[in-house]
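The primary structure of each chain is shown beneath.
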Amino acid sequence: MIEIDNISKSYGSFQVLKNCSASIARGEVVVICGPSGSGKSTLIKTVNGLEGIDAGEISVGGFRLAPGVSNVAALRRSVGMVFQSFELFPHLTVLSNVTIAQTKVLKRSKAAAEEKARSLLARVGLSAHIAKHPAQLSGGQQQRVAIARALALDPEVMLFDEPTSALDPEMVNEVLDVMTGLARQGMTMVCVTHEMGFARSVANRVLFMDGGEIVETAEATKFFDDPRTDRAKAFLAKILKH
Amino acid sequence: MMVDLSAIVSAGPYLMQGLWFTLQITLVGVAGGIVFGSLLAVARLSHNRLVAMLATAYVNLMRSIPLILVIFWVFFLVPWAIGWLTRSGRPVAVGASLTIFVTFVLFEAAYYAEIVRAGFRSISPGQYSACDALGLSKFHAYIYILFPQAIRAVLPILLTQTIVLFQDTSLVYVISATDLLGAATKIAQRDGRLVEMYLTVGVIYFLICYAASQLVKQLQRRLAFGVR
Amino acid sequence: MSLLFEPTPDGAGRYLDWIVSGLGWTLSLALGAWTIALVVGTLIGVARTLPKGILPRLGRVYVETFRNIPLLVQMFFWYFVLPELLPVRIGMAIKQMDPPWGSFVPALICLGLFTAARIAEQVRAGLQALPRGQTDAAFALGFARAGMYRLILLPQAFRIILPTLTNEFMTIFKNTSVALTIGLVELTATAREINENTFRTFEAFGVVTIVYLVIALLAWQIMHRIEQAAQLPSLASGKSRP
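Chains as they are written, first to last, in the working numbering: chain A, 38 to 279; chain B, 15 to 242; chain C, -7 to 234.
In isolation and in its complexed conformation, chain A is listed as follows (with noise of 0.2 Å):
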């Protein structure tokens, strides 16, 4: 489904990611962890085009990313992102976040995006708040309305950008309820998570980063359990401790 295929990226002279790769199938959920500044939010936003890349390939599905490829509008349509900090605009209705991409971007008629939009809210748990401003919502509440704006252009891939980093503890298992039925009924995760009760139950498979490299990538409950390298080792200590 996904294939990177030696990526590299720099910023000036430092170097984000270095001959980074990997391959997602379809159906699986992956889950990128790793220190801050490893280059995990950079990796997983090459994936639809947000960032560049300075070397090497990406394909999702059939469509190829490279250096220098800028029409990346198609991609768009097949790749769903959810972000740290939500990003709902907040100057439409938590109904129209969910329906004006529909409308605008894949064409669809008013009616039918109200319907996807209302039975994807439905399903994300929040069809009681359909006509509130995402100002009037909790931190959990516009992350699940993220996801279901995201869903409503059909992805077949999803991806997840630290999405519960700045939740409140007690909104992040709403959010990752929603993320858990999303992964059982099939969909392609790609996720950069610090839960790691999720990647443990959830994930099929870790890649572990540090330093712009995927230094490790193993079976999710393989690498809690006995992770190979040394720099995941340290890492896993240092989280576990809590």
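Derived by calculation from the structure, the hints in this document are not laboratory data.
Certain hints may be false.
Restraint-style ranges between C-beta atoms, simulated for each label pair [as the list claims (entries may be wrong)]:
1) B:170 with C:191: 24 to 34 Å
2) A:267 with B:235: 42 to 52 Å
3) B:136 with C:120: 17 to 27 Å
4) A:168 with B:148: 53 to 63 Å
5) B:228 with A:144: 38 to 48 Å
6) C:117 with B:226: 13 to 23 Å
7) C:191 with B:109: 15 to 25 Å
8) C:79 with B:34: 31 to 41 Å
9) C:213 with A:144: 34 to 44 Å
10) C:117 with A:168: 24 to 34 Å
11) B:141 with C:16: 46 to 56 Å
12) B:74 with C:219: 30 to 40 Å
13) A:51 with B:66: 28 to 38 Å
Here's a subset of chain A near chain C, in silico, CB distances under 7 Å, partners left out [claimed, not checked]:
14) 110
15) 126
16) 172
17) 219
18) 261
Computed list of lysine-lysine pairs in DSBU-like fashion (alpha-carbon distance at most 30 Å, straight line) [what the hints assert, rightly or not]:
19) A:82 with C:87
20) C:87 with B:231
21) A:82 with A:144
22) A:270 with A:259
23) A:141 with A:82
24) A:144 with A:259
25) C:44 with A:141
26) A:141 with A:259
27) A:55 with A:82
28) C:44 with A:144
29) A:55 with A:275
30) A:82 with A:259
31) A:275 with A:259
32) C:44 with A:55
33) C:44 with B:200
Fair warning: this is a prediction, and the values are worked out from it, not measured in the lab.
Even for Gly, the Cβ is constructed at its ideal location relative to N, Cα and C.
Start from chain A and add chains B and C according to the hints.
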């Protein structure tokens, strides 16, 4: 149509005279405007309701009417006012320069007042308490502690307003004064060289204002680094 | 203020009619120029926030040119200089425009483009104040740049800059007075004419001053209503919009 460069060159000295008057108006306007404007800003903070109301009314009035209208007001009324003050009963002829200086100080003060007021509001309230606690008189507190901080906070905006003032001086055209634009107009009408004169003046204003605004931007960058 | 109701020297009416006429020119010039300024200013403000190409630089040239030359000098340029620089036939046609229009049209263009430069800077500031995530989210949903600006970014940016736009709206009414130098008989020119005819300086200028104050008050009220209508509901207010 051809632009005659020699006409511009020969007009040079007269234009420079006009520019000198423009600069004089600007300097007087800035100095007087900031002083009077600061007084107005302080007056608006006063506990005396009447003083605060009068200052606010003055500022709002001056900011709601065009500068040209104020120029006419002062130009037509100052002779009468002086005559009334000196009990002579008739209008007293007053030099155009003085009228212009007075106009600009009165007008720009309202704008500087708003800027200085914003500066005062950006000072943390604790500063006022600290001055009180130290027993500083109101006068000393403002001069040594509060005013310097307020000005520093809004220095770039103050300077930008000064550039605006510099451009505003061109409006003295309406009373046929000889500032930069006035000088150019007089030559243009005498020699029939409208295009050359107005283009030249446009370029001169542009160069001065552009350079000044770039300096202000640099100052803004340096001030930003100094903030904690 | 009995002055207003006295007959004018040409016997064609009263001084009140002169004031109404002057007011009419002032309002027409202000509102016409404001419309031009909003359209042109928004386009240039947007252009200045584009990531690459020649448009941002052209936008900068426009703004710097129109902001660093006094309005009066610009007025003279449009009225005196432009007809001379254009091909002879067009120049003659312009110079032969009938009196009120011969002054009104250059004044309208001049004031419109002058104010556009100031609005452009405010629009630019508003757009740059938005979090980068909004652009990312819009791109991730597949929006093309035009749609993103129109539906997502500008609605938010305008809400942010409404206070400075209010200031600009009030300023444009004052700036119409500069047109008297090219022969437009707007409000201030009317005051001067009444003064020249009656020598009742205080009354003539006093009435016009009061008219300007009323205009300022009304202009502020209009913008204030717009600001209130545009406010988005928040957690605090707890109400939703239809």
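Verification of the hints:
{"no.": "1", "hint": "B:170 with C:191: 24 to 34 Å", "result": "46 Å, violated"}
{"no.": "2", "hint": "A:267 with B:235: 42 to 52 Å", "result": "45 Å, holds"}
{"no.": "3", "hint": "B:136 with C:120: 17 to 27 Å", "result": "22 Å, holds"}
{"no.": "4", "hint": "A:168 with B:148: 53 to 63 Å", "result": "56 Å, holds"}
{"no.": "5", "hint": "B:228 with A:144: 38 to 48 Å", "result": "47 Å, holds"}
{"no.": "6", "hint": "C:117 with B:226: 13 to 23 Å", "result": "20 Å, holds"}
{"no.": "7", "hint": "C:191 with B:109: 15 to 25 Å", "result": "22 Å, holds"}
{"no.": "8", "hint": "C:79 with B:34: 31 to 41 Å", "result": "38 Å, holds"}
{"no.": "9", "hint": "C:213 with A:144: 34 to 44 Å", "result": "41 Å, holds"}
{"no.": "10", "hint": "C:117 with A:168: 24 to 34 Å", "result": "32 Å, holds"}
{"no.": "11", "hint": "B:141 with C:16: 46 to 56 Å", "result": "51 Å, holds"}
{"no.": "12", "hint": "B:74 with C:219: 30 to 40 Å", "result": "19 Å, violated"}
{"no.": "13", "hint": "A:51 with B:66: 28 to 38 Å", "result": "56 Å, violated"}
{"no.": "14", "hint": "110", "result": "6 Å, holds"}
{"no.": "15", "hint": "126", "result": "6 Å, holds"}
{"no.": "16", "hint": "172", "result": "4 Å, holds"}
{"no.": "17", "hint": "219", "result": "17 Å, violated"}
{"no.": "18", "hint": "261", "result": "30 Å, violated"}
{"no.": "19", "hint": "A:82 with C:87", "result": "59 Å, violated"}
{"no.": "20", "hint": "C:87 with B:231", "result": "41 Å, violated"}
{"no.": "21", "hint": "A:82 with A:144", "result": "25 Å, holds"}
{"no.": "22", "hint": "A:270 with A:259", "result": "12 Å, holds"}
{"no.": "23", "hint": "A:141 with A:82", "result": "23 Å, holds"}
{"no.": "24", "hint": "A:144 with A:259", "result": "45 Å, violated"}
{"no.": "25", "hint": "C:44 with A:141", "result": "25 Å, holds"}
{"no.": "26", "hint": "A:141 with A:259", "result": "44 Å, violated"}
{"no.": "27", "hint": "A:55 with A:82", "result": "15 Å, holds"}
{"no.": "28", "hint": "C:44 with A:144", "result": "28 Å, holds"}
{"no.": "29", "hint": "A:55 with A:275", "result": "24 Å, holds"}
{"no.": "30", "hint": "A:82 with A:259", "result": "27 Å, holds"}
{"no.": "31", "hint": "A:275 with A:259", "result": "18 Å, holds"}
{"no.": "32", "hint": "C:44 with A:55", "result": "27 Å, holds"}
{"no.": "33", "hint": "C:44 with B:200", "result": "46 Å, violated"}
Checked against the numbered hints above, the structure breaks hints 1, 12, 13, 17, 18, 19, 20, 24, 26 and 33 and satisfies the rest.
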